[in-house]
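Trainee: For reference, the chains in residue letters:
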Amino acid sequence: MTEDVRGKVISLVAERMGVEPDQVTENTHFVNDLQSDSLDMAELVIDLEEEFSLSISDEEAQKIETVGQAIKYIEDKQQQQQPQS
Amino acid sequence: MDIKRVVVTGTGAVCAVGCSKQTAWPAVRDGRSGIRPITSFDTSRYEVHFAGEVPDFDPLKYFGKRELNRLDRYVQFAVVAADEAFAESGLDLERENCERIGSFIGTGIGGLHEIEAQHARLLESGPDRTSPLMIPKLMTNAAAGQVSMRKGLRGPSMSVSSACASGSHAIGEAFHCVRYGMADVIVCGGAEAAVTPMGLSGFQQAKALSTRNDNPQAASRPFDLHRDGFVMSEGGAILVLESLQHAKARGANILAEIAGYGATSDAYHITLPDPDGKGAARAMINALADAGIAPSDIDYINAHGTSTPAGDDIEARAICSVFGEHALKLAVSSSKSVFGHSLGASGAMESAVCIWAMLNNVCPPTINLDDPDPECCGLNFVPHKPQERVLNAVVNNSFGFGGHNVALVFRKFKG
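Top line first, the protein sequences correspond to chains A and B. Quick note: the first sequence, position 55, residue 55 per the numbering used here, numbers continuous. Quick note: the second sequence, position 279, residue 279 per the numbering used here, numbers continuous.
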């Protein structure tokens, strides 16, 4: 897990949900811990897409339930997009 | 049918002269203008560089970041004004049957800030980059929906949109709903936040605005010979209306009684008022009849008086036609001279002013009235300075693009 992606995701989640970054960890569950609703999640997906210049399908987005899952998803996506030479 | 008397038990306002009635009323009473150069965006390419923006409005003082993200500026004004009105009413919602409490909040345009922000994103980044919150933020019923949701009000809730008559229409409709028993309490009024690049451009292009850029505070001059258009402003104002029975049962402090509502249409032109002012006159006549009081019982009118060349003289003549000889005994003033024209909020703002005026027995002035237009019938427009006067019954006029006319009658509450 790269510190760069982790920090950016936590910062976006904190900003979107109006909480302090230190209240957000990989284990933070969007619905159970942050009371996110479908509109929050849709906004957050756009935030992540813009920040990391990638596209997240609705189907993939629905599988993201925790902050850790979001970080892993982005890291996997980045690796697919930029294979090590 | 059981017809109930309806009273006002709370008022709240956010406007160009303050974010609460404690700051707004003294400025309106003393005639201290809230019109200033626009600071929220660059107006260098516009013909108009000033407006009545709400000063020192810090949304984070009222809302968390997450909820703020869901509220257009016009909705923020409505919610803050509603909170103030609720606080004054003393309603304890824990003890109320909230299925009998509703919210009717009007707006002329809706969430123009959000429309512009998202349209920019659409053009810059494409249709998959606009906000999922866009529609629920910009819709004209967002204010009514948010107030009901935040307070848990489960009675009737809706928005009313009739341009600059929206706030008064919302209050009138709420009044009749309570009068005829559809609800015990309705939180009602209007909100607008259209001092934006598109809002200013649109009204500028309609040739509706004053261009007195060298002296903004003298630009809103209703009934003055040298008026040259209205001055845009923003804000929100909310009244708590409830049945007298309900107010008495909970020992509420009653501020005033709302007694009459008249609503008509000119059916003449989409922006210009009917030159005969018959629609405006009929609104006043209908409101007086609805209140069951004679024209001679009215002491004060808070006029629509926008400072447009086309509108003020017609309103003055309509007043003369309704009140006859009594017109010359009335005090008539336009508070838009102080806080500008807040469009869909204005009728509610000025209803609040009517109530504060009655509570204090003071007619707030029409400022900048240096040279009264002779076409305005020589009425007492309360020029420059407030006039002390016992106020038992007052009228608030509001007219909107589309030919909508609304008059409301408020009177001092006497058990």
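FYI, nobody ran anything at the bench for these hints, they're computed from the structure. There may be inaccurate statements among the hints.
Stated by the list, open to error - Across the chosen pairs, the derived CB separations fall in these ranges:
1. B:His119 - A:Gln81: 27 to 33 Å
2. A:Ser57 - B:Lys4: 52 to 58 Å
3. B:Gln245 - A:Asp22: 26 to 32 Å
4. A:Ala61 - B:His119: 45 to 51 Å
5. A:Glu65 - B:Arg5: 50 to 56 Å
6. A:Gln80 - B:Ala120: 43 to 49 Å
7. B:His269 - A:Gln35: 48 to 54 Å
Where is the CB? At the ideal position from N, CA and C, for every residue including glycine.
Trainee: Taking each numbered hint in turn, which are not upheld by the structure, reported in ascending numerical order?
Mentor: Of the numbered hints, 3, 4, 6 do not hold.
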